[in-house]
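Chains as they are written, first to last, in this note's numbering: chain D, 1 to 579; chain R, 1 to 296.
Everything labelled a hint here was simulated from the structure, so no lab data went into it.
Every value quoted in this text rests on a predicted model; they were computed, and no experiment measured them.
Keep in mind that a hint or two might mislead.
Computed Cβ-Cβ distance ranges for the label pairs, DEER-style [as the list claims (entries may be wrong)]:
#1 Asp-171/R / Arg-52/D: 28 to 38 Å
#2 Glu-115/R / Ala-287/D: 57 to 67 Å
#3 Glu-165/D / Glu-115/R: 31 to 41 Å
#4 Asp-68/R / Arg-302/D: 27 to 37 Å
#5 Leu-204/D / Glu-187/R: 50 to 60 Å
#6 Gly-41/R / Val-151/D: 48 to 58 Å
#7 Asp-118/R / Ile-301/D: 29 to 39 Å
Covered stretches of chain R, as calculated for chain D (at least 3 residues, CB under 8 Å) [to be verified]:
#8 48-62
#9 266-276
All C-beta atoms in this analysis are idealised placements derived from N, C-alpha and C, irrespective of residue type, glycine included.
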Amino acid sequence: MELLVIAVVAGILWWVLRRRTPSSPPAEIGPVGWCSGTNWRALPPLARAGTRALLRHPAFLAGVALTPLMLLLATADTAFGSAPDSRDISLAIALALVPLAWLTIVAVNLIALRPRRTGTDELFAALPTPQPVRTTALLTAGVGPVIVAAVLTVAWVGVVATREEVRGSPEWLEIAVGPLIVVGAVAVGVAVARWLPRPIFGVLAAIATMFIQARFLDVTTWPWDRAAGDPVRFLGFIAEATGAGTAALEVRPAGWHLLYLVGLVVVMASVALVRDGLRPPIVGVLAVALLVVTGTGWIQIRPLSPARQAEMVSYLTDPSAHQRCETRDGVRYCAYPGFTDAVVDWSERVETTLGVLPPIASEWRGPLEVTQRAAIVVGNDSCSPIPYEASLPPPVAERVSPAALWPADDKVHPGFAEESFPCSDEDVHGFFLAVQVGAWAVGLPPAPHGGNERCTATGQARASVALWAAAAGTPDGERLLRAVLEEGASADGTLITFDGGGVNSGGWDAPPMWGVDYDATDAGLALALLSRPTAEVAGVLGEDWAHWTDPNTSSTELADAAGVGGPADAGAGSGSPCP
Amino acid sequence: MNNGTTVELAEVTKRYGSTAAVDGISLALGRGVTGLLGPNGAGKTTLLRMIATVLAPDSGAVRVLGEDPGRAEGRLSIRRRLGYFPQEPGYYANLTAFAFVDYIAILKEMTGRQERHDEVTRVLTQVGLDDVMHKRIKALSGGMRRRVILAQALLGRPELLVLDEPASGLDPEQRLRFRETVSAVAEHHTVLLSTHQTDDVSALCQRVVVMDRGRVLHDGAPDALVDHARGHVWVATAPDPGARVSWRTSSGEYRLIGDPPPGAELVTPALEDAYLLLLGRNTSAADGPVPTPGRA
Chain D
1 MELLVIAVVA GILWWVLRRR TPSSPPAEIG PVGWCSGTNW RALPPLARAG TRALLRHPAF
61 LAGVALTPLM LLLATADTAF GSAPDSRDIS LAIALALVPL AWLTIVAVNL IALRPRRTGT
121 DELFAALPTP QPVRTTALLT AGVGPVIVAA VLTVAWVGVV ATREEVRGSP EWLEIAVGPL
181 IVVGAVAVGV AVARWLPRPI FGVLAAIATM FIQARFLDVT TWPWDRAAGD PVRFLGFIAE
241 ATGAGTAALE VRPAGWHLLY LVGLVVVMAS VALVRDGLRP PIVGVLAVAL LVVTGTGWIQ
301 IRPLSPARQA EMVSYLTDPS AHQRCETRDG VRYCAYPGFT DAVVDWSERV ETTLGVLPPI
361 ASEWRGPLEV TQRAAIVVGN DSCSPIPYEA SLPPPVAERV SPAALWPADD KVHPGFAEES
421 FPCSDEDVHG FFLAVQVGAW AVGLPPAPHG GNERCTATGQ ARASVALWAA AAGTPDGERL
481 LRAVLEEGAS ADGTLITFDG GGVNSGGWDA PPMWGVDYDA TDAGLALALL SRPTAEVAGV
541 LGEDWAHWTD PNTSSTELAD AAGVGGPADA GAGSGSPCP
Chain R
1 MNNGTTVELA EVTKRYGSTA AVDGISLALG RGVTGLLGPN GAGKTTLLRM IATVLAPDSG
61 AVRVLGEDPG RAEGRLSIRR RLGYFPQEPG YYANLTAFAF VDYIAILKEM TGRQERHDEV
121 TRVLTQVGLD DVMHKRIKAL SGGMRRRVIL AQALLGRPEL LVLDEPASGL DPEQRLRFRE
181 TVSAVAEHHT VLLSTHQTDD VSALCQRVVV MDRGRVLHDG APDALVDHAR GHVWVATAPD
241 PGARVSWRTS SGEYRLIGDP PPGAELVTPA LEDAYLLLLG RNTSAADGPV PTPGRA
């Protein structure tokens, strides 16, 4: 997606620049700089003229045309799943204005260089309005684009607000970053024009901001490798959310970041104005702005306080101290604040999954506990899987161990994020959770533990039963199981591991947290069982539940009993066998 | 500044590398139209740019409207009272003539919207663009575009009007209108007009300065320049190798300029004859090529 946007923006830039004619030699003296007797009353009409020029500029108009599309893509259901969080949407809205900011840099820069490009610079040099007034007017003309950006933003917030499934309220401090970067774009465009008066430098400035932003967004590229949760990302223009999954584990100094950006804007505006001389007021403003940038930069990346670190560690390692629990139909559900609404969805899937199994399936395991916890592997913004710890602030990550975060507790564990296929918003109707429930019912580990440790149950009847129950208890379950079998297969195609192979050679960005690497052959048997009436299969299982959940009972035997034809011999499988 | 003197130059020199574009020129200009004649490369544009405050001299003193353009405050003051038509003016082709001149009016510190618009309308009407003032400049002819630039130079009734080849590309009717406009301005103000058109100088200028190779060859009334040519222009039925310049006229006779042979049929010289004679002498003195008539 990013490449597509960059390609579109680059194409527009090329088209705009191609239309320009070469410039004539500039005047040697040029306009007077800071000068006593300057008439600042020319500023308002000049700013109005600049605003008109900017709002009509092809590059800016292209940015405006592109922005609704960007907003649509950034806030579409596909980006957030079925229960999007307002904070994530707020960030996405701000991010969607970035292409407009890039094109605004180019538009402002071309307008600032218009006298040079059109050969009117000698004529303009002989006019009495000094360059500082002209520069200030152009900076002030940025009000127009900012109003456009703000209107687009507010309108889109209104559109998003109509979506009932969105959780929480808009976070205006995050949203305001979008229009503010458009303000910054105006300042950058003018400053570059004043110091490097060639249109190519405006384009290069836009590219440089892309590069800077990309460096701060990406986590594993030059000039430094960093964790996704490293607060250094706040030194970029827009800092995306981490994969921590909950605001409680995400440090977002939104107010400071906004002030930091304001500081950067003022720095760039001052840089533009000092081109005509180091006037004390401007130097003073520049100095204050640099202090603000430095101060707010430090505040954003300063280490977390020990108390906040301890609070976050406790949140992860002692969930009972933070979660709210309730019991439904004998199943205990525990969710973190802000996620308690999800319990309804969880319980529905638990009930339908257990409901296809014979009653003894629930009785022999004792009470089921469904407790929310972080996934061991989460996706980043590039749809790449990263360890969950990497999304935490580094000091917090250092204080938690995988064993403490993900104990082997035989509980079903829904995560923070919506279940989804890689980089997709497709509603899987709780199928991934259902597989955990099925695994629990047959005595397999529902979820991985420690450093994503999973076991194999290759050739075991209970593995097929777990997958069958999940698919049978989930709407569209058969198709979902087939998709998982296809897309989650390992490189050799024997196991469902989600770590590469299948059609997602890079691995799943947010794989299902299953405690078992299911064998593809056993999954095939589960699909075959789905072809039989559910009650009939449940009847077979209910006749001797202990036998079918015995690790020594093979899936071949189950196939024979259910009359669906035996699966090919799955062999012993790899990995450690499940207990 | 002396009484009535608008522009004063004293030993002004401007060099580009080893070439002196303006070589120690001293001039004092006052009210009325002063024509600046000279071949390409004579230094006219360089001189005008220095007077228009967009170029600094290497040496010598420049005072314009009583101000020193070397100081920022001086430049500011001059620019408030100056109308300038550069040799290669450039346009914002996507703007209408009105919008472009209006924008320049803002840069000329005309901040009152209505007064400014009235003034823009006035100057555009004055140059005969009232019918097309709301057309985009890119849709106008070359002559109209030059009149747009002339219009902006007239904004605010400047005390000093510096015009660098403003009549290039104008048709005869437009040229007459141009003369009318400039002569009206010159009734009360100073106009410095650089041109290759000697007939414009004859028609408009109370004073003519002829430049070549950065120096002033002649500074005085056009008639005085013509007087220098008396006895050096004749007509004949055949070209004369002794003439500095000669050409066949529409009547079939040759018009010759130089030192006439005995018995030659002398005619009354025109300003163009005098200009060519002057340049020819200067070129001979420098062992350079003989100039040809017309625009170079």
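Hint-by-hint comparison with the structure:
Our hint of 28 to 38 Å for Asp-171/R and Arg-52/D holds, since their Cβ atoms are close to 34 Å apart. At about 41 Å, the beta-carbon gap between Glu-115/R and Ala-287/D misses the expected band of 57 to 67 Å. Glu-165/D and Glu-115/R have their C-beta atoms about 59 Å apart, which leaves the hinted 31 to 41 Å range violated. A hinted range of 27 to 37 Å for the beta carbons of Asp-68/R and Arg-302/D is inconsistent with their spacing of about 55 Å.
The hint said 50 to 60 Å for the Cβ distance between Leu-204/D and Glu-187/R, and at roughly 53 Å that hint holds. The beta-carbon spacing between Gly-41/R and Val-151/D, approximately 56 Å, falls within the hinted interval of 48 to 58 Å. Roughly 58 Å separates the CB atoms of Asp-118/R and Ile-301/D, a value that falls outside the hinted 29 to 39 Å. Residues of the stretch 48-62 of chain R lying with their CB closer than 8 Å to a CB of chain D number 6, which satisfies the three-residue condition for coverage.
For the stretch 266-276 of chain R, the assignment as covered by chain D is violated, since 0 residues bring a beta-carbon within under 8 Å of that chain's beta-carbons and 3 are needed.
In this structure, the earlier hints numbered 2, 3, 4, 7 and 9 are contradicted, and the remaining ones agree with it.
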